[in-house]
Amino acid sequence: MWPEGIHRELAAAGVRVVGYVPDAGHKRLIELCRADRKMRAVVLTTEEEGIGLAAGAWLGGQRSALLMQSSGVGNIVNVLGMVRECRFPLVTLVTMRGEQGEFNPWQVPMGQAVRPVLEAMGTVVHHVEEAAQVAPVVNAALRLAFGSYASVAVLISQRLIGIKSFQEQADR
Amino acid sequence: MRRRDAVKRLLSNRKNLLVVAGLGSTAWDCTAAGDSPLTFPMWGAMGQAAMMGLGLALAQPKRRVLVITGDGEALMGMGALATIGVQQPENLTVVVIDNERYGETGMQETHTAHGVDLAGVARSCGFKVFDLENLPNAIHKLPGPNFAALKVKAEKIPLVLPPRDGALLKARFRRALLGVKADAE
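As they're listed, the protein sequences go chains A and B.
Under numbering that gives the first Met the number 0, the first residue of the first sequence is numbered 0, with each subsequent residue one higher.
Under numbering that gives the first Met the number 0, the first residue of the second sequence is numbered 0, with each subsequent residue one higher.
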C-alpha cells in the first residue's frame, strides 16, 4: 500500500515532525505517523500552520513533512513566501481532489489550480499517478528538499485515493 | 507600560532562550533590546510566529522558547493557540505585546480594542496565563505552554530594524544553535 511506502520513506529520511489537517486520502498515513513513536504528529487547524511548524522545526534542527488535501494548498500561498525567501526545506504531500472523477464541484476550482499556484510560489511539483511510484517519488522529493533547501510538493492523484462519492468518503 | 521597556525586560539576561519575533513592531522591539543570532525576526508570514515557536520548541525540548508578537499578528493566527494547546509544549511561552493597533499600517484598531481577550482565548486553549511580574519565571522555568498578553501604550516610535535577508536569518540562527554541523545537514 502506498501510505505505508510514504511512511517508510519519511522514517528513513529522519522526519520527526509531521503536520497535518485531517483528510480522507491521508487517513492511513496519518495513523501510521501517529503510531510512530519517533514522529510527532501535529494536528493543525489550517494548513498554513504547518508551514510555520516546519520552519520552526528546521530552525531547531529537525526535519518535518506536511500532509494536506489539495484544498489546503490555497491556505498556504502567502506563507510559502517565507519558505522561498528563507530557503527553508519543505516537503508537502498533497492528496488531490477536484481532479480525476471528482463528484463535488466545489473541489474543482482549487484542485485545478494546485500546480500553477504552487509553481508561482517557487515550489517544485511532482505528480504521481501510479501506486508503485508514490514511494520512489516521495524519496526523491525528500532528497531534493533537504539536499537542496527546496520546497517540494508531491501531488498524489485522485485516481489513487479512489473515493467516488460522498457516502464512500463518509464510510472510510 | 511602554512596549520597548516590556520587551527589554523580557530579553534581559536571556541566557539560552530561543526567540521568535512576530512581524512588525515586535521584531523592531526585539532588535532594540539587542539583535541576536538566536532571535528569528519575521518580516512576513503574518500569523505564523506562534507556530514557528511550536516547531522550534518540539525540535529543541531542552531549550526554552519565547515567541514575542503583536496583537494583530496573533489574531491572524488564532488557530495556532488551539494547535499549541493540543501539543502542550512545556518549554514554550507566547507573549503578545498588545497595543490594540495595527502599528505598521496606520495604527488602525485591532479586535483587542473592542474587547477580544487573547489571554482568555489562550487559557481556553490550555495555556497557563501570566502577568508581567511572574512572566520571567514562566519564560525560563515554569512548565508551559505559557502565555501573556501585555497591554502597552499605542505609540509611534523609531524603527530599529534587524537584518532582513531571510536566508541569512535562518542560517545564522541554525549555526548559533546547532554549530557548524548545521551547515552539513
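Just to be clear, a hint being listed does not mean it is correct.
As the list claims (entries may be wrong) - Listed next, the in silico DSS-like pairs over lysine-lysine satisfying Cα-Cα at most 30 Å (straight line):
#: 1; chain 1: A; residue 1: K37; chain 2: B; residue 2: K155
#: 2; chain 1: B; residue 1: K14; chain 2: B; residue 2: K180
#: 3; chain 1: A; residue 1: K37; chain 2: B; residue 2: K180
#: 4; chain 1: B; residue 1: K152; chain 2: A; residue 2: K37
#: 5; chain 1: B; residue 1: K127; chain 2: B; residue 2: K140
#: 6; chain 1: B; residue 1: K127; chain 2: B; residue 2: K150
#: 7; chain 1: B; residue 1: K150; chain 2: A; residue 2: K37
#: 8; chain 1: B; residue 1: K155; chain 2: B; residue 2: K140
#: 9; chain 1: A; residue 1: K26; chain 2: A; residue 2: K37
#: 10; chain 1: B; residue 1: K140; chain 2: B; residue 2: K180
#: 11; chain 1: B; residue 1: K7; chain 2: B; residue 2: K155
#: 12; chain 1: B; residue 1: K61; chain 2: B; residue 2: K7
Please keep in mind that the hints were generated in silico from the structure rather than gathered at the bench.
Handout entry: Straight-line alpha-carbon gap K127/B to K150/B, limit 30 Å
Key = With Cα atoms ~17 Å apart, K127/B and K150/B stay inside 30 Å; holds.
Practice task
Take the C-alpha atoms of K37/A and K155/B, compute the straight-line distance between them, and say whether it is at most 30 Å.
Solution key: violated, 47 Å
Exercise for the section: Below or equal to 30 Å on CA atoms is what counts here, so check K155/B against K140/B. Expected result: Given that 30 Å is the threshold and the Cα spacing comes to 33 Å, the pair is violated.
Handout entry: Proposed proximity, K37/A with K150/B (alpha carbon, max 30 Å)
Key = violated, 40 Å
Handout entry: 30 Å limit on alpha-carbon distance, applied to hinted pair K37/A and K180/B
Key = holds, 22 Å
Problem - Straight-line alpha-carbon gap K14/B to K180/B, limit 30 Å - result: Holds, at roughly 22 Å.
Exercise for the section: Take a quick look at whether K140/B and K180/B sit within 30 Å of each other, Cα to Cα. Expected result: holds, 28 Å
Handout entry: Distance restraint between K127/B and K140/B, which requires alpha-carbon spacing of 30 Å or less
Key = holds, 13 Å
Exercise for the section: For the pair supplied as a hint, K61/B and K7/B, confirm whether the alpha-carbon distance does not exceed 30 Å. Expected result: Distance ~24 Å between K61/B and K7/B Cα, so the pair holds.
Practice task
Verify the proposed pairing of K26/A with K37/A, using a straight-line Cα cut of 30 Å.
Solution key: holds, 19 Å
Practice task
Please work out if K7/B and K155/B have their alpha carbons no farther apart than 30 Å.
Solution key: The hint holds at about 17 Å.
Exercise for the section: Would you mind confirming whether the straight-line C-alpha gap from K152/B to K37/A stays at or under 30 Å? Expected result: Roughly 45 Å separates the two Cα atoms, so the pair is violated.
Checked against the numbered hints above, the structure violates hints 1, 4, 7 and 8; every other hint is satisfied.
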